[in-house]
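Asker: Residue strings, one per chain:
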Amino acid sequence: MMKKKNRYLWIDIIAVVASIIIFIVPFYFIFLNSIKDRREAGLMNLTLPTTIHFENYLEVLSTQKFMLIRAFCNSVLITAGSIVLLILVCSLGGYVLQRITGKLTGAVNFVILVGLMLPPAILPTIWVMNGLGIYRTLFGIILVEVALNIPFTTMLFRGYAASIPREIEEAAYVDGCGPWRMFVQIIFPLFIPVTATVTVLSSVNIFNDFVNPLYFLPGGKNPTVQLTLYNFMGRYDSAWHLLFANVVLITIPPLILFIFFNRKIVSGITAGAVKG
Amino acid sequence: MKSKIYNPWFLAPLVLVYAALFLIPMIISFFFSMTIWTLTEFRFVGLYNFKTFFSEYSLRIGVKNTLLYAALTCGFKAIFGLALAVLLTSPMKTKNLIRSILFFPNLVSTIAVGMIFSSMMHPSRGLFNSLLGALGIAGPDWLGNASLALFSVIAVDVWKGVGVATVIYVAGLMAIPETYYEAASIDGAGGFQRFRMITLPLVQSSINTVIVLAFIGGIRTFDLIWTMTKGGPGFATDTMASIIYKQYAYGFYGLSTAGNVIMFLLIAAIVFPLYRFLISLEVDV
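Going down the list, the sequences are from chains Z and C. For the first sequence, the working numbering gives the first residue as 454, with consecutive numbering after it. For the second sequence, the working numbering gives the first residue as 143, with consecutive numbering after it.
Watch out, some of these pointers could steer you wrong.
Claimed, not checked - Beta-carbon label-pair distances, calculated as ranges:
1) Z/586 to C/173: 40 to 50 Å
2) C/392 to Z/541: 33 to 43 Å
3) C/228 to Z/713: 28 to 38 Å
4) C/190 to Z/618: 32 to 42 Å
5) C/391 to Z/624: 53 to 63 Å
6) C/173 to Z/713: 44 to 54 Å
7) Z/555 to C/317: 46 to 56 Å
8) Z/691 to C/392: 42 to 52 Å
9) C/236 to Z/620: 36 to 46 Å
10) C/297 to Z/473: 17 to 27 Å
11) Z/569 to C/190: 27 to 37 Å
Please keep in mind that the hints were generated in silico from the structure rather than gathered at the bench. All C-beta atoms, glycine included, are put in the ideal place defined by N, C-alpha and C.
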């Protein structure tokens, strides 16, 4: 017995050391170099800085007329807008898809499954957005994020709806409750756990998205934080201290979410994945 | 009674947004892939774009790279993830901490991860080669060497994505009743036998999920490639998605859309049969 305990102690120690070296050192490296001066950061090593330069962060924020701050506002707006719409659209849709079984819902289920697998057709999407007058607009990118997140989110809501007993609705119906009131007052409150999962998962996804803003929100006027970092990479490839500071700054929002909602994120991924 | 409780119109907003910005573009992409196209005007050219795609080396190589990328990232995530998940469901004390650490890179944007590793893979000053140099080994040019670059990016992708695979496996492993293992132990099964005869078959549905997710993700990969190598050196790391972007940037919209269609067909031709095969491996408990 004693031997076995000892063995697990060793496994613990080795696993912690290995995961720190493999997964923590890269982030430590970035943070360390983000507070060095230009020359020391350019050496790109793990030695402690001789002088600490937190003003790098201010410099990154203020460069190009506070571009990064505007990008933060855009990214937060896109993320929040997409999530509100996504929850609205998918909670209604997922609920009905679970409750009604018929040809229509079967067809919708099928095309949603297709969306889980196939990537978007990019240029035709731009063509449609152009036609609707929403290309290169924040509203346009919000709608695109919603459309592309619909498959996964609808699946989560549909799966969760199965756990809500129909007897509740039947009783409410007998008492004279219509479908809309039923949804708003009875079903949606019961959806809160899955809504929380969706909020956490999708906000990380959408905030970190690079590809969709690159295609659907091009031009320097309305950058997102990911586009700003990408553009910095091209422009300041010798100013590593600023690049590293930028990475640290745009990683803070997901980091906060992670600290508070670690469990939620993990349970959401497994729920979605297992049902998929 | 049903129709009065459930209102089918609840589906309308979902169908509207999804159709307008995903389904319709997908369907018309088949048409525009057969045109020379400027977004405002088009000229029908039949299969010309597809011929161009497969006759030019710089485009064709994207298909090969994409398949290699998808197969390798998927394989490594599936194997490492399972090994890590088995470890993290053992009676370790620090398993929750390690699960969190392992999962963290997933929350960092791919652009940032690409940047971090590009700097660490810098040929002369990067952390990797400095460490190798300290050991007296001349490190390679991780991203500048044409025969190595794709594998460097693949390694970073696995580093970032193995956490998700692990989480999915851990959920699957925890659902296996402990009594199965106890019964097997009483019958005299060793550790490897228990893994082979109990764990592996019962975790098959998680394996399937990981493989399908990772494979689709691999075929669609773009941001990591684009931030780390931009498809270079030469075309050594170009994938379908980076070619689609390049053709778009050059203004070849019809060709770019043809790339998109080829990507659809590739996924359909591989993932659907793969999924069927994987499902057939699952056992009923």
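Asker: Tell me, in ascending order, the numbers of any earlier hints that this structure violates.
Answerer: 1, 4, 7, 8
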